[in-house]
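S.K.: Using the sequences plus the hints, can you model the full thing?
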Amino acid sequence: MKRIVAIHLLNDYSGSPKVLMQLLKAWTKNSMETHLFTSGGRKGFLSDISKVRNHYFWYRFSPNPVTRICNFFLCQFLLMIKLLFFLKRKDILYINTVLPFGAAIAGKIKGCKVIYHIHETSIKPAIFKNLLFGIAKFTAHKIVFVSEFLLRQESLINN
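For my numbering, count along the sequence shown from 1 and bump the result up by 1.
Because the hints were derived from the structure by calculation, they are not lab data.
Check each hint, because a few of them may be wrong.
Heads up, simulated DSBU-like pairs for lysine-lysine below, C-alpha to C-alpha not over 30 Å straight-line [to be verified]:
#1 Lys83 - Lys52
#2 Lys138 - Lys91
#3 Lys26 - Lys44
#4 Lys3 - Lys19
#5 Lys3 - Lys125
#6 Lys143 - Lys114
#7 Lys44 - Lys83
#8 Lys83 - Lys143
#9 Lys111 - Lys19
#10 Lys44 - Lys3
#11 Lys130 - Lys111
#12 Lys19 - Lys89
#13 Lys125 - Lys89
#14 Lys19 - Lys30
#15 Lys125 - Lys91
#16 Lys143 - Lys89
#17 Lys109 - Lys30
#18 Lys26 - Lys89
#19 Lys26 - Lys138
#20 Lys44 - Lys130
#21 Lys19 - Lys143
#22 Lys52 - Lys26
#23 Lys83 - Lys109
#24 Lys19 - Lys114
#25 Lys19 - Lys91
#26 Lys89 - Lys109
M.R.: The structure is reproduced here in structure tokens:
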């Protein structure tokens, strides 16, 4: 049985987790072993999806930008370590948005097929955006854009 491991940073009721929820339901309907890694402690579109095996990692959003970036990088390091022990070489790693870069690095190290689903490109500051998109370009086997407009916005077009 094919195993797909989906990653999303923050479970809430916004557009990108809603799209992922629809994919998760389709994968389980097609008898794929489906795992979801997301931050715990919040309800959102990714909560309580039938036949999806949930795994949680630590992340806390902070209104303070310095605390937020420190939390984010710590979260990505912890996620990467967790996935290095969890992933198998034959897994498909589906990363929803460019933010969970720790998952992409773990997937690359383990030899998994890494698929990115890009929902946004307006990440600031530019150095942070360049880091995230650089990691995506280096680790991804395939990049799916949510729209043709976003596809044209970015230079990740090596699919």
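S.K.: For each hint, tell me whether it holds in the structure or not.
M.R.: For each hint, the structure was consulted:
1. Restraint check for Lys83 and Lys52: the C-alpha separation of about 21 Å stays at or below 30 Å, so the hint holds.
2. For the proposed pair Lys138 and Lys91, the alpha carbon gap of about 20 Å is at most 30 Å, so the pair holds.
3. A distance of roughly 17 Å separates the Cα atoms of Lys26 and Lys44; the hinted pair therefore holds under the 30 Å criterion.
4. In summary, the hint linking Lys3 to Lys19 is supported, as the alpha carbons are separated by about 23 Å, within the 30 Å threshold.
5. This hinted pair does not check out: Lys3 and Lys125 have alpha carbons roughly 36 Å apart, beyond 30 Å.
6. Between Lys143 and Lys114, the direct Cα distance comes to roughly 8 Å. Compliance with the 30 Å bound is thereby established for this hinted pair.
7. Proximity of Lys44 to Lys83 is assessed by CA-CA distance (about 22 Å); at most 30 Å being required, the pair is judged to hold.
8. For the hint linking Lys83 to Lys143, the alpha-carbon distance of about 23 Å falls within 30 Å, and the restraint holds.
9. With a C-alpha separation of about 28 Å, the suggested pairing of Lys111 with Lys19 holds against the 30 Å cut-off.
10. Of the pairs offered as hints, the one joining Lys44 and Lys3 holds, with about 28 Å between alpha carbons and a cut-off of 30 Å not exceeded.
11. A C-alpha spacing of about 25 Å is found between Lys130 and Lys111, which places the hinted pair at or below 30 Å, so the restraint holds.
12. A hinted pair counts as satisfied when its Cα atoms are at most 30 Å apart, and Lys19 with Lys89 qualifies at roughly 27 Å.
13. Simply put, Lys125 and Lys89 have alpha-carbon atoms about 33 Å apart, too far for the 30 Å limit, and the pair is violated.
14. Between Lys19 and Lys30, the direct Cα distance comes to roughly 17 Å. Compliance with the 30 Å bound is thereby established for this hinted pair.
15. Between Lys125 and Lys91 the alpha-carbon distance is near 34 Å, which puts this suggested pair outside the 30 Å criterion.
16. At roughly 18 Å between alpha-carbon atoms, Lys143 and Lys89 fall within 30 Å of each other, so this suggested pair holds.
17. This hinted pair checks out: Lys109 and Lys30 have alpha carbons roughly 28 Å apart, not beyond 30 Å.
18. About 22 Å separates the Cα atoms of Lys26 and Lys89, which keeps this hinted pair within 30 Å; it holds.
19. Our distance criterion of 30 Å between C-alpha atoms is met by Lys26 and Lys138, whose separation comes to about 27 Å.
20. Note on Lys44 and Lys130: the hinted pairing holds, with a Cα-Cα distance of about 27 Å set against a maximum of 30 Å.
21. Note on Lys19 and Lys143: the hinted pairing holds, with a Cα-Cα distance of about 21 Å set against a maximum of 30 Å.
22. Simply put, Lys52 and Lys26 have alpha-carbon atoms about 8 Å apart, close enough for the 30 Å limit, and the pair holds.
23. As the CA atoms of Lys83 and Lys109 are separated by approximately 14 Å, the hinted pair is consistent with the 30 Å bound.
24. Taking the CA atoms of Lys19 and Lys114, the gap is near 23 Å; set against the 30 Å cutoff, the hint holds.
25. With a C-alpha separation of about 26 Å, the suggested pairing of Lys19 with Lys91 holds against the 30 Å cut-off.
26. Between Lys89 and Lys109 the alpha-carbon distance is near 11 Å, which keeps this suggested pair within the 30 Å criterion.
Hint violations for this structure: numbers 5, 13 and 15, all remaining hints satisfied.
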